[in-house]
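Just need the whole structure built from these sequences, with the hints factored in.
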Amino acid sequence: MRIDDLSAGTAVTFMVNVNGEHLSFDSHIQDVFPKKHLVLADAIFQDEKIISFKGNNITVDLLAVFINEKPQLFEDVTITPMKKADNTFCYNIASSEEGKIYNRRGYYRCYVGLPTAISPAPGKVPVEVLLKDVSINGFAITCPNTLELKENSVINLVLKDYVEELDEEFEFHLCGIVVRSQEIEHGHTVYGCRLNNSVVGLEHYIMKKERIRLRKTNGNPSNRA
Numbered sequence: 025m026r027i028d029d030l031s032a033g034t035a036v037t038f039m040v041n042v043n044g045e046h047l048s049f050d051s052h053i054q055d056v057f058p059k060k061h062l063v064l065a066d067a068i069f070q071d072e073k074i075i076s077f078k079g080n081n082i083t084v085d086l087l088a089v090f091i092n093e094k095p096q097l098f099e100d101v102t103i104t105p106m107k108k109a110d111n112t113f114c115y116n117i118a119s120s121e122e123g124k125i126y127n128r129r130g131y132y133r134c135y136v137g138l139p140t141a142i143s144p145a146p147g148k149v150p151v152e153v154l155l156k157d158v159s160i161n162g163f164a165i166t167c168p169n170t171l172e173l174k175e176n177s178v179i180n181l182v183l184k185d186y187v188e189e190l191d192e193e194f195e196f197h198l199c200g201i202v203v204r205s206q207e208i209e210h211g212h213t214v215y216g217c218r219l220n221n222s223v224v225g226l227e228h229y230i231m232k233k234e235r236i237r238l239r240k241t242n243g244n245p246s247n248r249a
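Residue 224 in my numbering sits at position 200 of the sequence shown, and the numbers go up by one each step.
A few of these clues could be false.
[Stated by the list, open to error] In the DSBU-like style, the derived pairs of lysine-lysine whose C-alpha atoms are separated by at most 30 Å in a straight line are:
1) Lys148 - Lys108
2) Lys233 - Lys156
3) Lys94 - Lys148
4) Lys124 - Lys60
5) Lys156 - Lys73
6) Lys232 - Lys124
7) Lys156 - Lys94
8) Lys73 - Lys240
9) Lys94 - Lys233
10) Lys73 - Lys60
11) Lys94 - Lys184
12) Lys124 - Lys184
13) Lys156 - Lys108
14) Lys233 - Lys124
15) Lys174 - Lys240
16) Lys184 - Lys233
17) Lys156 - Lys232
18) Lys78 - Lys124
19) Lys156 - Lys184
20) Lys60 - Lys108
21) Lys184 - Lys174
22) Lys174 - Lys108
23) Lys78 - Lys156
24) Lys78 - Lys108
25) Lys240 - Lys184
26) Lys240 - Lys124
27) Lys148 - Lys174
28) Lys124 - Lys148
29) Lys107 - Lys60
30) Lys73 - Lys107
31) Lys124 - Lys59
32) Lys78 - Lys94
33) Lys78 - Lys59
34) Lys148 - Lys107
35) Lys94 - Lys124
36) Lys60 - Lys78
[Claimed, not checked] Taking CB as the label site, the calculated pair distances span:
37) Lys94 - Ser177: 19 to 29 Å
38) His212 - His61: 21 to 31 Å
39) Tyr186 - Leu62: 42 to 52 Å
40) Glu93 - Lys148: 45 to 55 Å
Derived from the structure by calculation, the hints contain no laboratory data. Heads up, the beta-carbon is just placed ideally off N, CA and C, and yes, glycines get one too.
Structure follows, in structure tokens:
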């Protein structure tokens, strides 16, 4: 599959590598013009400014996600912000390489956004934090800057999530090592953690959540994943 074989409305993820740190941003294909090899996607904004994905040591792969087919990965794409005739912004995406079937295992981060508690040190009173997202090999939490976690420190927490669309409750005990931190707005910090060991059932949970997200994204009201 070439990138201009994609269809308008396809859910895509920009998988960004910045000096070895992985970030991801969700978008959608707006229009495709195969004869011009032109692919347009929804723009992503931060602080009311379009993200350019330009800079030293930045590479971007594009992951096209389908409900009933395996994802297609387009490596090292070129993304150019552009302004359309109606004064709205979008991205012009180009790739000279064909896509390849991609196994999302270990890379895809599933948004959670649920409160949980961690113990910052043995014997200390648990502190409430926000479990931001989880992947098959790690997770990220958000907490006030007043809670300082050192790199390589160990974090234990419980992920509890009732998924209404499935009428199913999930619970996982996660143990991870802090590998990165980043200050964000409103006096908070995001800590990225690597799981110490595999967690039984976690991948199944992530896959179910992703199917539900895709159905909502593509306008399918089905409640069962």
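Hint check results:
1. Lys148 - Lys108: The hint is violated at about 55 Å.
2. Lys233 - Lys156: holds (14 Å)
3. Lys94 - Lys148: Violated, because 45 Å separates the two Cα atoms, which is more than 30 Å.
4. Lys124 - Lys60: Given pair Lys124, Lys60 holds - Cα atoms ~22 Å apart, limit 30 Å.
5. Lys156 - Lys73: With Cα atoms ~23 Å apart, Lys156 and Lys73 stay inside 30 Å; holds.
6. Lys232 - Lys124: Cα-Cα ~23 Å, so holds.
7. Lys156 - Lys94: holds (26 Å)
8. Lys73 - Lys240: Answer holds: Lys73 to Lys240 is near 26 Å, not above 30 Å.
9. Lys94 - Lys233: holds (16 Å)
10. Lys73 - Lys60: Between Lys73 and Lys60 the Cα gap is close to 28 Å, so the pair holds against 30 Å.
11. Lys94 - Lys184: holds (28 Å)
12. Lys124 - Lys184: Violated - the C-alpha atoms of Lys184 and Lys124 are around 35 Å apart, more than 30 Å.
13. Lys156 - Lys108: violated (34 Å)
14. Lys233 - Lys124: holds (24 Å)
15. Lys174 - Lys240: Distance of about 38 Å is beyond 30 Å: violated.
16. Lys184 - Lys233: With Cα atoms ~13 Å apart, Lys184 and Lys233 stay inside 30 Å; holds.
17. Lys156 - Lys232: Measuring from Cα to Cα gives roughly 17 Å; hence the hint holds.
18. Lys78 - Lys124: holds (24 Å)
19. Lys156 - Lys184: holds (13 Å)
20. Lys60 - Lys108: holds (16 Å)
21. Lys184 - Lys174: holds (25 Å)
22. Lys174 - Lys108: Roughly 46 Å separates the two Cα atoms, so the pair is violated.
23. Lys78 - Lys156: With a Cα-Cα distance of about 26 Å, the restraint between Lys78 and Lys156 holds, given a limit of 30 Å.
24. Lys78 - Lys108: Given pair Lys78, Lys108 holds - Cα atoms ~20 Å apart, limit 30 Å.
25. Lys240 - Lys184: holds (22 Å)
26. Lys240 - Lys124: holds (25 Å)
27. Lys148 - Lys174: Holds, because 15 Å separates the two Cα atoms, which is no more than 30 Å.
28. Lys124 - Lys148: Violated. Lys124 to Lys148 sits at ~48 Å, over the 30 Å cutoff.
29. Lys107 - Lys60: Holds: Lys107 and Lys60 sit about 17 Å apart, inside 30 Å.
30. Lys73 - Lys107: holds (13 Å)
31. Lys124 - Lys59: Cα-Cα ~22 Å, so holds.
32. Lys78 - Lys94: Satisfied, since the Cα-Cα distance of roughly 29 Å is no more than 30 Å.
33. Lys78 - Lys59: holds (26 Å)
34. Lys148 - Lys107: violated (53 Å)
35. Lys94 - Lys124: Within the cut-off at roughly 10 Å; holds.
36. Lys60 - Lys78: Roughly 23 Å between the alpha carbons, so the hint for Lys60 and Lys78 holds.
37. Lys94 - Ser177: 19 to 29 Å: With a Cβ separation near 37 Å, Lys94 and Ser177 fall outside 19 to 29 Å, so the hint is violated.
38. His212 - His61: 21 to 31 Å: Because 42 Å falls outside the window, the suggested range is violated.
39. Tyr186 - Leu62: 42 to 52 Å: Given about 43 Å between the Cβ atoms, the range holds.
40. Glu93 - Lys148: 45 to 55 Å: Holds, since Glu93 and Lys148 (Cβ atoms, about 48 Å apart) stay within the stated range.
The earlier numbered hints that this structure contradicts are 1, 3, 12, 13, 15, 22, 28, 34, 37, 38.
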